[in-house]
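Listed here are the chains, written in short residue letters.
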Amino acid sequence: MGVIIGPRVIDAGTSLLSVLISPVPVAAGYPSPAQDYFDGRIDLNAHLIKDITSTYVVRVSGDSMDGAGISDGDELIVNRALEPRDGCVVVAVLDGELTVKRLSLTATGVVLRAENPRYPDIRVPALSDLVIWGVVTRCLHHV
Amino acid sequence: MAGPGSIALVDVNCFYASAERAFDPALEGRPLVVLSNNDGCAVTRSPEAKALGIPIGEPWFKLAPRAKEWGLVARSSNYELYGDISARVMELLGRYSAWLEVYSIDEAFLGVKGTPEELQRQGIAMKTAVRRNIGVPVCVGIAGTKTLAKLANKWAKHNPAFDGVCHWDAVPAAQRERLMAGLSVIELWGVAARLTKRLNGQGIHSVLDLARADPVRIRDRFSVVLMRTVLELQGTPCIPLEEERIGRDQLIFSRSFAAPITTGTALRQVLSVYAQQASARLAKHGLQAKVLTAFAATSAYNPQGSVHPSVCVTLPMPTADPVLLARAAHALLPQIDDGVRYAKAGIMVTDLRPSGQQAPLAAFANPHEERGIGPLLEDISRRYGRGSIGLGHAGLRHGPDWTMKRGMMSPRYTTEWAELPVVKAM
Chain P
1 MGVIIGPRVI
11 DAGTSLLSVL
21 ISPVPVAAGY
31 PSPAQDYFDG
41 RIDLNAHLIK
51 DITSTYVVRV
61 SGDSMDGAGI
71 SDGDELIVNR
81 ALEPRDGCVV
91 VAVLDGELTV
101 KRLSLTATGV
111 VLRAENPRYP
121 DIRVPALSDL
131 VIWGVVTRCL
141 HHV
Chain F
144 MAGPGSIALV
154 DVNCFYASAE
164 RAFDPALEGR
174 PLVVLSNNDG
184 CAVTRSPEAK
194 ALGIPIGEPW
204 FKLAPRAKEW
214 GLVARSSNYE
224 LYGDISARVM
234 ELLGRYSAWL
244 EVYSIDEAFL
254 GVKGTPEELQ
264 RQGIAMKTAV
274 RRNIGVPVCV
284 GIAGTKTLAK
294 LANKWAKHNP
304 AFDGVCHWDA
314 VPAAQRERLM
324 AGLSVIELWG
334 VAARLTKRLN
344 GQGIHSVLDL
354 ARADPVRIRD
364 RFSVVLMRTV
374 LELQGTPCIP
384 LEEERIGRDQ
394 LIFSRSFAAP
404 ITTGTALRQV
414 LSVYAQQASA
424 RLAKHGLQAK
434 VLTAFAATSA
444 YNPQGSVHPS
454 VCVTLPMPTA
464 DPVLLARAAH
474 ALLPQIDDGV
484 RYAKAGIMVT
494 DLRPSGQQAP
504 LAAFANPHEE
514 RGIGPLLEDI
524 SRRYGRGSIG
534 LGHAGLRHGP
544 DWTMKRGMMS
554 PRYTTEWAEL
564 PVVKAM
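So the protein sequences, as listed, match chains P and F. Position 125 of the first sequence, counting from 1, maps to 125 under this note's numbering, and the rest follow consecutively. Take any residue in the second sequence, note its place counting from 1, add 143, and you have its number in this note's numbering.
It cannot be assumed that every hint is accurate.
Here are the simulated DSSO-like cross-link-like pairs (lysine-lysine), alpha carbons at most 27 angstroms apart as the crow flies [what the hints assert, rightly or not]:
{"id": "1", "chain 1": "F", "residue 1": "Lys256", "chain 2": "F", "residue 2": "Lys300"}
{"id": "2", "chain 1": "P", "residue 1": "Lys50", "chain 2": "F", "residue 2": "Lys567"}
{"id": "3", "chain 1": "F", "residue 1": "Lys487", "chain 2": "F", "residue 2": "Lys205"}
{"id": "4", "chain 1": "F", "residue 1": "Lys193", "chain 2": "P", "residue 2": "Lys50"}
{"id": "5", "chain 1": "F", "residue 1": "Lys427", "chain 2": "F", "residue 2": "Lys487"}
{"id": "6", "chain 1": "F", "residue 1": "Lys205", "chain 2": "F", "residue 2": "Lys256"}
In case anyone wonders, no lab produced these hints; they're calculated from the structure. All values reported here derive from a predicted model rather than from experimental measurement.
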């Protein structure tokens, strides 16, 4: 492998020569045409997490959300800063446990739905009667 | 100075207990204690545990027999979790002010500005955001000085009428005086038990007594430090906000062992690990140490009588090099007798200074530092986990038996992929 050489910057003030290191190793004298376009690899944190201080990753146990594409053992990205809205998948506190459900805000009250016909809906009079732990933004499904 | 500023002190209520509850809602409303290293004694109590009359520092072996009857839950210290939650809280608070001083793992001073109404709103906004976004409750005290912000925070915590946010200037003067009159000086930031006794001897008992004292007399009879407290109580800021606390003049790495250490070989390992930790911490703060003290101690209840060997080594030059620090710490070993049961050991580095302040003479230049061994160890530990690499005696694949006992530890919910919080879908 040749020497790593990138664009050179000459600081006129001090006549110091500094060399920017290219992320792509190239043979001396033949700079890769791609290196000018390199802007860092895809960063999943940047794409999947909007606010790192408010975001937690949790693991699913059970099959009650199968219909939403959320399976046993999947990881969920949960943002606690988001406002829970009608139709969101949320993590709610039920009987002292973190539980994942689909939130449905209706005129007659709040319903926490499973996405599997084998599990019943849970009804509460108002959102204030519930502790919503966070809003699920992504499911990391194991295929 | 650009306009009159105020200072907010934000701190997490019962931090360790609250961090545990954030991921285990079943703990909500139950008496909960978090135990010190080696599950020794209660270092954090939930309000319910306080209501049971459990004193701070109560040994777990005294509490355990009654835990079931009380419904008391204990957790080992989960430093990974608390460290991450702390970092999240500080990062979030940093969004409310460019001027943030992290004062401890669970409290920070912030510079804030605005009318009394705006300050109250800012306080409520911070409290709400930390609670909702991160999941732990905080209280906010806002005042013109740090000492008063501490005091306001205390009231925000203990007086439900404030609902977690107390803006000192918004409290009517008569009520402030009543609150200060009812508070002993020992409750003040920076006033310890011994000083309290001396103050009481001068007829100064309550915070109000001290606030009304003559600062010059206090300086003459006590100290400049206490004079600053008096001035701050009177509303004159004397203790500035510091972005990064320098002047922290020592770092200590010390711990009681889960099982006593009885050989010099084992103690050598311990000292090497501490030296490596000290090196990493120094490097992180851009500091070097000139003096290292290594110490060990038997239990105070040792039937053969207790021993406290220690050695103080002046390093050949200020350094953060793990090899040099470990070698210096090993100077303790000749004092260590095999067969003696050591319950504790540690190292302390002092005389800290910014690295690179004084260029060493070429003859004393340190080859390890030049080869960057410290950063390399740190890098590998970061990538492959703590304990993945160590220097000589610290490099052990299996945790040696002197590592900390954490028998009741919750999962490391936010730092270990294998220990994520579980959400039920059933």
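Okay, the hints, checked on the actual structure:
{"no.": "1", "hint": "Lys256(F) with Lys300(F)", "verdict": "22 angstroms, holds"}
{"no.": "2", "hint": "Lys50(P) with Lys567(F)", "verdict": "24 angstroms, holds"}
{"no.": "3", "hint": "Lys487(F) with Lys205(F)", "verdict": "22 angstroms, holds"}
{"no.": "4", "hint": "Lys193(F) with Lys50(P)", "verdict": "38 angstroms, violated"}
{"no.": "5", "hint": "Lys427(F) with Lys487(F)", "verdict": "26 angstroms, holds"}
{"no.": "6", "hint": "Lys205(F) with Lys256(F)", "verdict": "48 angstroms, violated"}
In this structure, the hints that do not hold are numbers 4 and 6, in rising order.
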